[in-house]
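**Q** Input sequences plus hints: build the corresponding full structure.
Residue numbers (my numbering), protein chains in the order written: chain V, 1 to 316; chain U, 317 to 656; chain P, 657 to 999.
Just so you know, these hints were derived from the structure itself, not from any lab.
Yeah, the Cβ is synthetic: ideal placement off N, Cα and C, and Gly gets one too.
Possibly wrong hints are sitting among the right ones.
Stated by the list, open to error - Each computed DMTMM-like pair below joins lysine to aspartate or glutamate, with the alpha-carbon atoms no more than 20 Å apart: (1) P/845 x P/768; (2) P/913 x U/408; (3) U/327 x U/353; (4) P/918 x U/438; (5) P/913 x U/438.
As the list claims (entries may be wrong) - Pair ranges (Cβ atoms, derived): (6) P/914 x U/402: 29 to 35 Å; (7) V/168 x U/600: 30 to 36 Å; (8) V/177 x P/752: 53 to 59 Å; (9) P/761 x V/149: 38 to 44 Å.
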Amino acid sequence: METTAAGYRGVWARLRRNPMGMIGLIMLVVAIGVAVLAPWISPYDPHAVTRVNILDIYQPPSPAHWFGTDDAGRDVLSNFLYGARVSLTVGFFASFISVTVGGLIGISAGFLGGRTEGILMRFTDIMLVIPDLPLAVVIVALTKPSLTNIILVIGLLGWTGTARLVRAQTLSVKQRKFVVRARAIGAGNSYIIRRHIFPLVLPLIVVNTVLVISLAILNESTLSFLGLGDPATLSWGQMLNYAFTRGAMSAGAWWALVVPGFGIVWVVLSCTLLGQGLEQALNPRLTTHHLAADRTLKNLPRWELEPTPVEQAGNV
Amino acid sequence: MMTEVTPHAHKQPLLEVKRLSVDYVDPSQPPAQALRDLTFTLHRGEALGVVGESGCGKSTLMLALMRLLPAAGRIVGGSVRLDDIELLALSEREMAALRWKRLAMIFQGAMNALNPVRTVGDQIAEAIRLHEDASDARALDRRVGELLDLVGIAASRRNQYPFQYSGGMRQRAMIAMALACSPDIVIADEPTTALDVMIQAQILQLLADLRRQLNLSILLVTHDLGIVAELCDRVLVMYGGALAEYAGVDAIYNAPAHPYTQELLKAFPDPTRPLQRLASIPGSPPRLNDLPPGCRFAPRCPQVFDRCHLTPPRVYAITSDHLASCFLVETQQTRGARHE
Amino acid sequence: MHRSSYLAGKLGWAAFTILFVIVLNFFLFRILPGDPARAGIRDPRLTAQAQQAIRERFGLDQPVINCFESLNPLTLGNCAVNPLDTQFFIYASNLLRGELGISYHTNRPVLDILGERLWNTLLLIGAGQVLAIVLGMAVGVLAAWKAHTPVDYTALGFSLLAWSLPTFWLGIILLFWGSTYLGLPIGGKVTPGMVYANSWEQLADLARHLFLPSLTYTIVFLGEYMLIMRSTLVDVLSEDYILTAKAKGLTHFQILKDHALKNAMLPMVTIIALNLGFTVAGAVQIESVFSWPGLGGAIFEAVNRRDYPMLQGAFLLLAISVIVANLIADLLYGYLDPRVQAD
Ligand SMILES: Nc1ncnc2c1ncn2[C@@H]1O[C@H](COP(=O)(O)OP(=O)(O)O)[C@@H](O)[C@H]1O
Ligand code: SF4
Ligand SMILES: [Mg+2]
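**A** This is the structure in structure tokens:
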């Protein structure tokens, strides 16, 4: 992986030519745009205090409510647009925590080696094997289900994958000549990590972050769906929780079930595509193999299959 | 001028390769011309050494002969005849039936050439089962034992996995596997790279012994001229995907006509001590998607002159079986002719 | 590596991890505000006797561990307490006797409830995972073999989409569709109050209930297994021994069957094991949506009913199941990889 400015331009050039990566990037930009502009583009204010009118509940889509109304007669479209804010906030902050913790643990383990590495990786292995969604459910259920708690819990449970990746990358970077040389001339650990290791691990961390964001958003929506969302906010997961537990199914109110899920899929898919595209742009790898389409003889003109007369002998 | 006559000259060759050309295509670049107009023959019982630096197209040639080129590789011209069969005209199914039965291959870097999760004996038996009648399990088992015995591996180790073998033993097992169907031709692509010196010598000795014992025809790829001197009858020197010189071993060592051959020999001054590499040729082989307009060797050739930069030299025959692709040959011949 | 030492290592590690989970489970529920013991003695659903029983069962008059009255590190206390009297020891010995407490909601022993539910979860995961693994690997093999062709791109697109679907949402949509248009049951494992004429009818009823949840499972995991199989197999097919196999004259089919698949299975086993956490997360979501009476559904119900003993027990059992499943995967790996088998 190149870390020079030219190298990064090369990555960008490759990403631009990568359809998956570009579709993902555009989708993500759209999602962020919606989250930022929600107050201006929402037809209704979801925070406005209104009395619930029985007649407004689960109204099908209409010109007044493009995506219909929910169990409390609120406009699904407005809730949906505002919901982008919650999902993205949780996604970004939680993944920031995960990637920081995972990155620190991975770099320390990989760089310091020895006993530190043993202990850190054993700990990572344990955390990896404990199913994190049930653990998150337990912790959030036992504490107050606030947005901060949700971010902390998702962030602090989601670092294991990053730690393993970063450690592997650090181990390989550590073998590079200039790192070995820097160590040989007695450069300090933190200097070597800052100057030599981190820049080479960073691209991997970036790719990984995009994927961690999508995982965090999925986890947030799941926790909210299970009834552990922050009651003060209305995330997509919570919208689904309310719809599902408050009779949207029997009322046939498909809009209240479909629309919020669509938001989650949009954001998660955008990160997934962008992650894939980034990875391919950073590591352009030839992925053919020995059984790949056999076209050995494709260009062979028929006439050349006839034995050609030897005319190579010169002036004999 | 030397005149040699090979004993096979009158017979029909076993393998006849004519003007074989291979490209590696890459959508974002012009194709790399990895092999151009390569012509040579191999007779029954003959050992032909193929030499040249890394990247000269030796492996490409071997893979093209077996039609095993990677997906990017295209045979863009030429003919490969095995007896009377035109290999390039066969269907994939016909070609598969012929592989290993008639053309077997020992790969470069044989460390991973054996499947790690199947026993060595099983992998040898598989080749036999595929191409021969192997309904008699006992006979098959005996044959596998004999093959291992032939290459100096205790038959009792047939049920072990490749990781239980040393590097040299793995390459021996590979040789045993190559011999499993008594092929007409054994292609060995740098069979000893990645082995230590002692083991290298043993493996080459084994190949030499087997050749005598079984009257094998061998195509031996190496960039080590010392090995060639010991093992081969004739030598094909390749440069930049094309023929540089093609002659008997004696001619190559005693009267090399192509400057590239001469430089290679300087790099290996003593054929009996091949690893004593004294000088290597400055510069590196040409980029195959950006070949020089004239002679491929011109940018590095110590004897280069004006004409070399303009057009590529043809292949000239010094004698009926000493060919070289260099303008110097032509000049000498014309001068010689004028003197007569 | 000797097979026996490999085995011993894996067993020891699993035992250690289980111990860790047991300790974690105790402290989690004591540190965090929702401590089931203290919540229990205030829970209005419980009679005075029941609350007294809880106090005794958890040893709530005793310090949490030696030297600490509670888990607030400032409440340093008596270190001379008999360790056997601490809350942790009482918890551990209760656990050893299989006593996980009484569910607040049903007043039945947690272990009895979870014991029944474990089988339902295994049934659901089994049906969904087996399908997902078999189908995913089949499509993955096809995609790898035909890498960079339309077949491959289609499979890749499907996988990325499936991966991005929230499991519970896919479940909701399938449930909505199935119950509205196919007349499938809206949840549970059996039709309540139904009387079966014979066991075939009973089985058919079970199948009707199992269909949608396991379909959800299959779709969610299919894409993932396909992606893993594809990339693993592409790596394997790039190995030298595949070229050897081709040179030997094997057909593509023979090469895939006899040379590539077993080598690809090794990383597959590891990765399937690493993904068990997701499997369990999937179970929690699917069982919640389909009211499937399994361990994952138990977690959902326990959360909503503030039934802490159930929550604690269900979490413990889920975590231990994952560890055991991981152990099984490790042992399977040892069986598949000759480098472990032989000595
Ligand atoms: N799969 C491939 N795709 C593109 N170019 C290749 C491929 N394999 C080899 N080449 C190029 O073909 C040339 C000849 O390679 P090779 O036949 O391996 O040479 P040798 O065996 O003499 O070292 C090299 O320049 C190499 O870069
Ligand atoms: S043709 Fe010219 S450049 Fe080429 S080898 Fe001969 S002398 Fe050298
Ligand atoms: Mg080579």
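**Q** Take the hints in turn and mark each one as holding or not.
**A** Evaluation of the provided hints:
1. P/845 x P/768: holds, 18 Å
2. P/913 x U/408: holds, 19 Å
3. U/327 x U/353: Violated. Residue 327 of chain U to residue 353 of chain U sits at ~23 Å, over the 20 Å cutoff.
4. P/918 x U/438: holds, 15 Å
5. P/913 x U/438: holds, 15 Å
6. P/914 x U/402: 29 to 35 Å: Holds, since residue 914 of chain P and residue 402 of chain U (Cβ atoms, about 30 Å apart) stay within the stated range.
7. V/168 x U/600: 30 to 36 Å: With a Cβ separation near 33 Å, residue 168 of chain V and residue 600 of chain U satisfy 30 to 36 Å, so the hint holds.
8. V/177 x P/752: 53 to 59 Å: holds, 56 Å
9. P/761 x V/149: 38 to 44 Å: Check failed, 24 Å falls outside 38 to 44 Å.
The structure fails hints 3 and 9 (numbered hints given earlier, in ascending order).
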